[in-house]
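Protein sequences, first through last, are from chains A and B. Position one of the first sequence corresponds to residue 33 (my numbering), numbered consecutively onward. Position one of the second sequence corresponds to residue 33 (my numbering), numbered consecutively onward.
Keep in mind the hints are simulated off the structure, nothing from the lab. Wrong hints could be hidden among the right ones.
[Stated by the list, open to error] Derived DEER-like restraints, expressed as beta-carbon distance ranges:
hint, chain 1, residue 1, chain 2, residue 2, range
1, A, Gly260, B, Asn295, 47 to 57 Å
2, A, Gly260, B, Asp116, 53 to 63 Å
3, A, Asp281, B, Ala133, 34 to 44 Å
4, B, Leu51, A, Ser220, 24 to 34 Å
Model, not experiment: these values are computed from the prediction. Cβ atoms here follow ideal geometry from the backbone N, Cα and C, with glycine treated the same way.
2 protein chains.
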Amino acid sequence: MSVSVEQLQKEIESQLQQLNFPVFPATLYDPLRYTLALGGKRLRPALTLLAAEIFAASKSDAMPAALGLEVFHNFTLLHDDIMDKAPLRRGKPTVHEKWNANVAILSGDAMFVKSCQLMTDVPSSVMPAVMKLFLKTALEVCEGQQLDMDFENRENVSIDEYLHMIRLKTAVLVGACLAIGAQIANASESDINHLYDFGVNLGVAFQLQDDILDVYGDEQKFGKQVGGDIIANKKTFLLLTALNSASGDSLSELQKWMLYKGNDNQEKVNAIKSIYHQLKVRESAEQKMDQLYSEALSHLDALPIKASQTQTLRVLSAMLMARQN
Amino acid sequence: MSVSVEQLQKEIESQLQQLNFPVFPATLYDPLRYTLALGGKRLRPALTLLAAEIFAASKSDAMPAALGLEVFHNFTLLHDDIMDKAPLRRGKPTVHEKWNANVAILSGDAMFVKSCQLMTDVPSSVMPAVMKLFLKTALEVCEGQQLDMDFENRENVSIDEYLHMIRLKTAVLVGACLAIGAQIANASESDINHLYDFGVNLGVAFQLQDDILDVYGDEQKFGKQVGGDIIANKKTFLLLTALNSASGDSLSELQKWMLYKGNDNQEKVNAIKSIYHQLKVRESAEQKMDQLYSEALSHLDALPIKASQTQTLRVLSAMLMARQN
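This is chain A alone, in the form it adopts within the complex (with noise of 0.2 Å):
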């Protein structure tokens, strides 16, 4: 293990607020300096340098798509903020209600095109190969989002489609950070692949473990009001799991509570908990969870390398399963 995690982290936060963005049109270029200073665990750029350098890619020449896919996910995240009218990201006041719409759809067009820019200064060799994998995966996280709102509105959604929506709007995005790193040095295409896999069940099974924190996580360490989900009657995998299984009783008790219309959330939070404990919903998400991880595991035990040389990306998984915000 021949760097840390939290090494990574902090050479990214640095390289980050080093990009330089003009300082004119200052509403254009502001709010993309202010998104990027948010904050966050910048654990998809740490992907990308873990596996540049498994494969033995140097850091300089994985750096710029490292940056590039950081920049594009808070891009996307920016953007949704404004369809998602969310207030707060990261407990400040999100480009949309700091400044107005028009300013947040702008710089984040702009945002995208940055990371563009970043991701075609990776060695030229490879740049065509990881400019198509990035805007594939632009366009399914595209794709996946536009799943999530159509969700909102429908009666029924199955468990599959569920999964096939966060594959896309989440995943895919933490998979190609993975192969991205492993295309930069010049890895095989089955390591590619195995990498990429890896990354998608992670990223699945990350999602997955979002649902279960949102409504068994600890409120202090997770951050936002636990049970939100629940209030929303957001489709989550907890919920479409409930919906289901349950049958007579706790079906029709389950429906009422998601019609309620009263003031006292904590109320709902526990009625619906508690049928999800009488339906074992979290022993079927962690059980989900935790499918998803060992499938994950084995592709990074099927590359042909030592298990030492994948040592801290292990490690930095492990992290992400046994997170509690």
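Fit chain B to the known structure of chain A by using the hints.
Same frame as chain A, but now just chain B:
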């Protein structure tokens, strides 16, 4: 003159309609198909194909970039229409009106990704240079749109600032369409630069023509309300020139009408046109336009090729400058 502008436009239209977008999710891709089916003159991609032809590239090598640039242009219109709250585009409801703002934001994002994908489909030897110019241009177009919005809220805008804004918002893309065609044909740096400068000057002249047509166009041919810019106090080249050269009575008269809150917009239009007449504002605008057009043509003349080889490009430019809509 081996190919007519009309032939090119027809071929581009057919190729655009053949772009294969996924059916699903419909809320993401339907707005994209709708936007591209609204029509338009397809002048930007025609410029790319003409530039490529001048330097002997095959049409099939240049077509992906031509289409990518048209898709990019339509993406900017889609997002601009949200920001401008425009109800109509080419006489049809805008995407944010027909669907909603969220759909317009996200399908615009997808459209931008698609344009980048098309740009990567040019021959691999020129792809990095093409991509670099394309992304630089995309960022400048964002800057231009932001400046345009900033100017709405500013008291004073100089004519130079206005020309800088339309250069970014409109003209650099015209320059890039030509330069990218030349890049694909492996033209020399100097030839690429001449075509770029030809396009940028032509683009600024084109926008001044637009400002003039908004006041002096034939309503039937112009296809929208003549005088719209005057009614909205839009800081066009004409209004800024008038504010710059007015003094005493003409200045106070102009300022009075800009504050007009009555219902008789035609009276406002007539009054301000009469001030423009006194101040010879139209003549100033036409003079600037002619100067830019001459400057543009001087860059075509500077190319080390026979004038006959740029004949179709000259016909297209002349069409643009003589247009009535």
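Quick rundown of the hints versus the structure:
Separated by about 49 Å at the C-beta atoms, A:Gly260 and B:Asn295 satisfy the suggested range of 47 to 57 Å. The beta-carbon spacing between A:Gly260 and B:Asp116, approximately 35 Å, falls outside the hinted interval of 53 to 63 Å. Between A:Asp281 and B:Ala133 the CB atoms are about 42 Å apart, so this pair conforms to the stated range of 34 to 44 Å. A hinted range of 24 to 34 Å for the beta carbons of B:Leu51 and A:Ser220 is consistent with their spacing of about 33 Å.
Going through the hint list in order, the structure does not satisfy hint 2, though it satisfies all others.
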